[in-house]
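Chemist: Work out the full structure: start from the sequences and follow the hints.
Everything in the sequence shown is counted per UniProt numbering, starting at 1 for the first residue and increasing by one.
Hint data in this document are derived by calculation from the structure and do not stem from the laboratory. Hints may be right or wrong, so weigh each one.
[Unchecked claim] Calculated cross-link-like contacts (lysine-lysine; reagent style DSS-like; alpha-carbon spacing at most 25 Å): (1) Lys23 with Lys199; (2) Lys170 with Lys7; (3) Lys23 with Lys7; (4) Lys199 with Lys181; (5) Lys6 with Lys170; (6) Lys199 with Lys170; (7) Lys61 with Lys6; (8) Lys61 with Lys23; (9) Lys61 with Lys138.
[To be verified] Label-pair distances were calculated between CB atoms; the ranges are: (10) Asn5 with Gly31: 30 to 38 Å; (11) Asn117 with Glu32: 17 to 25 Å; (12) Glu92 with Ser19: 22 to 30 Å; (13) Glu32 with Arg152: 35 to 43 Å; (14) Lys138 with Phe169: 27 to 35 Å.
Glycine included, C-beta positions come from ideal geometry on N, C-alpha and C.
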Amino acid sequence: MSGQNKKISGIILAAGSASRMGKTKQLLPFGETTLLGRVIQNARDSRLHEIIVVLGHNAGKISRSIDFEGTRVTRNTAYANGQSTSLIKGVEAVSSDCDAAMFLLADQPLVTAAIINRLADAFETGTAPIVIPYCNGKRGNPVIIARPLFYRLASLSADTGARVLFEEFKDVILRVSVPDKAILVDVDTPADYQTLISKK
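Modeler: So this is what it looks like as structure tokens:
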């Protein structure tokens, strides 16, 4: 399968408890919306085939506070067991006609539709089962993983995320240079948040 025939599902990982932040960071104000709201909007503005949002911690409050139109929300009740549980929950919700999943982080509001599309292009025009963005030699997010590797995601445990796959399949990963530090910027602490909004 090649080119524009490939369909990518966007999975926004938004289930974490943000223990280092001390509050529900998904709902922290960002511009005219929130951190998670901006991530969802950036995904909507891209050409992802579908958008799945994985909620967990404070899911009820987040659901009442954010516009999820055009997305599908799935709840991960086991979020306290680590990020792998959200990866698995997200993959389980991917439509059968999608060829891959792009994993977006709820605390990376600077990852624009243009960055998402750049990575999607790289996946669609290549044959690599994993696409990872790099900026200045540093690995960032979001990452694309093709459907043939979903079975490996399903076997992950604890808080490993997909990193174990990056080592296992390192010889077939497509590394995409993205000249934008947005792929490296996430918001884990109050200081991170202050830095983020001070640059807006």
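Chemist: Each hint: holds or not?
Modeler: Hints versus structure:
Of the supplied pair hints, the one linking Lys23 and Lys199 holds, its CA atoms being roughly 21 Å apart against a limit of 25 Å. A C-alpha spacing of about 23 Å is found between Lys170 and Lys7, which places the hinted pair at or below 25 Å, so the restraint holds. With a C-alpha separation of about 35 Å, the suggested pairing of Lys23 with Lys7 is violated against the 25 Å cut-off. For the suggested pair Lys199 and Lys181, the alpha carbons sit about 13 Å apart, so the restraint of at most 25 Å is met.
Straight-line distance between C-alpha atoms of Lys6 and Lys170 comes to about 22 Å, which keeps the hinted pair within the 25 Å bound. Distance check on the hinted pair: Lys199 and Lys170 sit about 35 Å apart at the alpha-carbon level, beyond 25 Å; violated. With a C-alpha separation of about 35 Å, the suggested pairing of Lys61 with Lys6 is violated against the 25 Å cut-off. Taken as a hint, the Lys61 and Lys23 pair is honoured in the structure, with Cα atoms around 12 Å apart against an allowance of 25 Å.
Between the alpha carbons of Lys61 and Lys138 the distance comes to roughly 35 Å, so the proposed pair goes past 25 Å and is violated. A C-beta distance of roughly 35 Å is found between Asn5 and Gly31, which places it inside the suggested range of 30 to 38 Å. In this structure the supplied range 17 to 25 Å holds for Asn117 paired with Glu32, their Cβ-Cβ distance being about 23 Å. For Glu92 paired with Ser19, a C-beta distance near 25 Å keeps the hint of 22 to 30 Å intact.
Between Glu32 and Arg152, the C-beta spacing of about 39 Å keeps the proposed range 35 to 43 Å intact. Between Lys138 and Phe169, the C-beta spacing of about 19 Å breaks the proposed range 27 to 35 Å.
Taken one by one, the earlier hints fail for this structure at numbers 3, 6, 7, 9, 14, listed in ascending order.
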